[in-house]
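J.: The residues making up each chain are set out below.
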Amino acid sequence: AQSVTQLGSHVSVSEGALVLLRCNYSSSVPPYLFWYVQYPNQGLQLLLKYTTGATLVKGINGFEAEFKKSETSFHLTKPSAHMSDAAEYFCAVSEDSSNTGKLIFGQGTTLQVKP
Amino acid sequence: DAGVIQSPRHEVTEMGQEVTLRCKPISGHNSLFWYRQTMMRGLELLIYFNNNVPIDDSGMPEDRFSAKMPNASFSTLKIQPSEPRDSAVYFCASSRGQETQYFGPGTRLLVL
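Chains as they are written, first to last, in our numbering: chain A, 1 to 115; chain B, 1 to 112.
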């Protein structure tokens, strides 16, 4: 069965600093991987996704993530944090036993950006 | 194209009352998901449908919760009777196959 582990429930960075949010997954088949962002009082919004092909995936708002099969990781990065990046971030993997679009979500990481 | 539509956006009710949450998925999507989000438990999948058929309801907390999807464009999540511990934000999401899951804005439920 698939699972997703997000290391660190809270991450705090200074404005302009590198953002690194960690995600490790387990899956018995090549996974589809997703990062979602949730701003306060809003629903989840897709940030980026990996399905096949290039392992470095670029998303919205300057975020990117790299699929590393050998490390079973899909860490999210952004070179320079902005105050508006403060939000909760969820990593997710598609369930491999069906074609229904069911996702297995991590517990989420709250990103705080300090001025 | 309109996204996932949920109603109401906010609901305040008293313990014991029936609550019905509504969701209209994105047209053409064949999977629909109901989630609950709280500070204590985070994001939980309650139930999901594929082609209007419930596939997995193992996340539904108890018999007070029920969900239906009478057609491809409408689903309801009902709580009867409601309890204060049901207070949460309830999200509906939809997808087409294994493509991206799109979330609605959520319904914020407060049970007094």
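Note that these hints are calculated values from the structure, not bench results. Don't take every hint at face value.
[Unchecked claim] Covered, in the sense of this in silico footprint (three residues per stretch, anywhere, with C-beta under 8 Å from a C-beta of chain A), are these stretches of chain B: (1) 33–43; (2) 49–56; (3) 63–74; (4) 82–96.
In this text, a Cβ means the ideal position worked out from N, Cα and C, and glycines have one as well.
J.: Give a verdict on every hint.
T.: Checked hints:
For the region 33–43 of chain B, the proposed coverage by chain A is satisfied: 3 residues have a C-beta within less than 8 Å of a C-beta in that chain, meeting the threshold of three. Remark: the region 49–56 of chain B is confirmed as covered by chain A, as 3 of its residues place a Cβ nearer than 8 Å to a Cβ of that chain, reaching the required three. Proximity of the region 63–74 of chain B to chain A, defined as three or more residues with a beta carbon under 8 Å from a beta carbon of that chain, is not established by the 0 residues found. Coverage of a stretch by a chain is defined here by at least three residues with a beta carbon nearer than 8 Å to that chain's beta carbons; for the region 82–96 of chain B and chain A the count is 4, and the condition holds.
Of the numbered hints stated above, the single one contradicted by the structure is hint 3.
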